[in-house]
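Protein chains: 2
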Amino acid sequence: MKFHPSQHIFKSPKVHAVINEAIAFLNQTPIHQLPLPEPFIGTGVYILYYLGNYALYKKIADANMPECTQPIYVGKAVPKGWRTARTGSEEDATLSQRLREHARSIKQGAGINIPDFMCRFMILKGEESSMITIVEAALIRKYRPLWNTVVDGFGNHDPGSGRYDQAKSEWDVLHAGRSWAEKLRGKSPDLDGIEIKIKNALK
Amino acid sequence: MKFHPSQHIFKSPKVHAVINEAIAFLNQTPIHQLPLPEPFIGTGVYILYYLGNYALYKKIADANMPECTQPIYVGKAVPKGWRTARTGSEEDATLSQRLREHARSIKQGAGINIPDFMCRFMILKGEESSMITIVEAALIRKYRPLWNTVVDGFGNHDPGSGRYDQAKSEWDVLHAGRSWAEKLRGKSPDLDGIEIKIKNALK
Chain D
1 MKFHPSQHIF KSPKVHAVIN EAIAFLNQTP IHQLPLPEPF IGTGVYILYY LGNYALYKKI
61 ADANMPECTQ PIYVGKAVPK GWRTARTGSE EDATLSQRLR EHARSIKQGA GINIPDFMCR
121 FMILKGEESS MITIVEAALI RKYRPLWNTV VDGFGNHDPG SGRYDQAKSE WDVLHAGRSW
181 AEKLRGKSPD LDGIEIKIKN ALK
Chain U
1 MKFHPSQHIF KSPKVHAVIN EAIAFLNQTP IHQLPLPEPF IGTGVYILYY LGNYALYKKI
61 ADANMPECTQ PIYVGKAVPK GWRTARTGSE EDATLSQRLR EHARSIKQGA GINIPDFMCR
121 FMILKGEESS MITIVEAALI RKYRPLWNTV VDGFGNHDPG SGRYDQAKSE WDVLHAGRSW
181 AEKLRGKSPD LDGIEIKIKN ALK
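If you're matching them up, the sequences are chains D and U in order.
Read in this note's numbering, the first sequence has 193 at position 193, and its numbers run on one by one without any break.
Read in this note's numbering, the second sequence has 83 at position 83, and its numbers run on one by one without any break.
Any given hint could be a false lead.
Identical chains blur together in the list; that is why a pair holds if it fits in one copy or across any two.
Heads up, simulated DSS-like pairs for lysine-lysine below, C-alpha to C-alpha not over 27 angstroms straight-line [to be verified]:
hint, residue 1, residue 2
1, K125, K142
2, K2, K125
3, K11, K203
4, K203, K80
5, K107, K2
6, K58, K199
7, K14, K125
8, K59, K203
9, K142, K203
10, K199, K59
11, K199, K11
12, K197, K14
13, K58, K107
14, K14, K142
No lab work stands behind these hints: they were computed from the structure.
Here the structure is a predicted model, which means the values were calculated and not measured.
Take these sequences, add in the hints, and give me the full structure.
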């Protein structure tokens, strides 16, 4: 049989349709303050919104009045063992844990306050969990959230003892105070440069 | 606002529908012998069929006459950097490479011959690449291929120098000869036990 790789390419409009359906669903879910009132089971995708008066973020906060429409950060929590084809365990609380970690980062970061943040999230489990990565990517492409696309490092984790010789992230320079980030000893990025990048991005 | 995690669960019949659509597409793609005649670009999912006369696999070979309907192995090749939300690069040839690696394993394995194997594959790129892991999992659930569910180790890689103290896989005991597997020095699984497992599974 002749070999034509193009005959083997699968395309379906359903893929794009279900991504859009998931984003529309997420945008109508109840909105909450951080941290969420209690832990919950599930993996999925979430959006953080900023509504405070940090000067550099004024344009973002304005866009979220009267309604939250401009994310400052989009993230995901994928099932453990995801690459090995298991679908989400019923016990996997990574989404809830991730949001708690973010709340802690924001509380410790200078210049921003946790009551100024709102959160939307969507649980994707079973077959739907296959959509997590692609829905997160679509949200980032659609909204270009500042902490995903301009200011680097909000989603970073504590690198752990013995690995503190690396540099602080841009986020940790701008919002200094995160406990583990203060231990980092590498050469920090320049604050002026970060502020200029933000002004250019939000101009 | 009250907190009800159940309001945040996204379910869509489109997800299941597109998985079924992808499997139906794969099952009508042109079928090829291994190795494929030339390399190609793409990530995705593939099926291997066995049609030879290895006694233990007779029931599988019979099921593939006159048409290939019972996979002996299902696998996937995901885009590099997949977890970090990039979609497949146009240059990613991992599916093609994976099938070449399988052809090499089969050529070196005792008791089986490469002309007795047929292959179907499906390229999933862009947004469709989000479906790779879930389509592979659905195929394994649907067909319970012997080398995915009973005989372990066909898809293993050379662990690399300095790591040959581990045990051979069941596949490498049953089909001895794969060059890197012959270097493994751990205690091998018992051949009789593997044969009994296969007989029970195909009974």
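To see whether the hints hold, each was checked on the structure:
Taking the shortest alpha-carbon separations for K125 and K142, both the intra-copy value of 23 angstroms and the inter-copy value of 19 angstroms come in at or below 27 angstroms. Within a single copy, K2 and K125 get their C-alpha atoms only as close as 40 angstroms, which misses the 27 angstroms cut-off; across copies the closest is 22 angstroms, which meets it. Within a single copy, K11 and K203 get their C-alpha atoms no closer than 38 angstroms, and across copies no closer than 38 angstroms, so neither meets the 27 angstroms cut-off. In the homo-oligomer, the alpha carbons of K203 and K80 never lie at most 27 angstroms apart, since the shortest distance is 39 angstroms inside one protomer and 34 angstroms across protomers.
Taking the shortest alpha-carbon separations for K107 and K2, only the inter-copy value of 22 angstroms comes in at or below 27 angstroms, while the best intra-copy value is 62 angstroms. For the homomeric pair K58 and K199, the shortest alpha-carbon distance inside one copy (10 angstroms) is at most 27 angstroms, but the shortest distance between copies (69 angstroms) is not. In this assembly of identical chains, the alpha carbons of K14 and K125 lie at most 27 angstroms apart whether taken from the same copy (18 angstroms) or from different copies (14 angstroms). In this homomeric assembly, K59 and K203 come within 27 angstroms of each other (Cα to Cα) only inside a single copy, at 8 angstroms, whereas the closest approach across copies is 68 angstroms.
For a Cα distance limit of 27 angstroms, the shortest separation of K142 from K203 inside one copy, 18 angstroms, qualifies, whereas the shortest one across copies, 53 angstroms, does not. Only within a single protomer do K199 and K59 lie at most 27 angstroms apart by alpha-carbon distance; the minimum there is 10 angstroms, versus 68 angstroms between protomers. In this assembly of identical chains, K199 and K11 lie within 27 angstroms of each other by CA distance neither inside one copy nor across copies; the values are 40 angstroms within and 39 angstroms between. Taking the closest pair of Cα atoms, K197 and K14 never come within 27 angstroms of each other, the shortest separation being 38 angstroms inside a single copy and 40 angstroms across copies.
Taking identical chains as interchangeable, the C-alpha atoms of K58 and K107 lie at most 27 angstroms apart only when both belong to the same chain, with a minimum of 19 angstroms there against 64 angstroms between chains. When the C-alpha separation of K14 and K142 is checked against a cutoff of 27 angstroms, the pair qualifies both within a copy, at 19 angstroms, and between copies, at 21 angstroms.
This entry does not satisfy hints 3, 4, 11, 12, going by the numbered hints stated previously.
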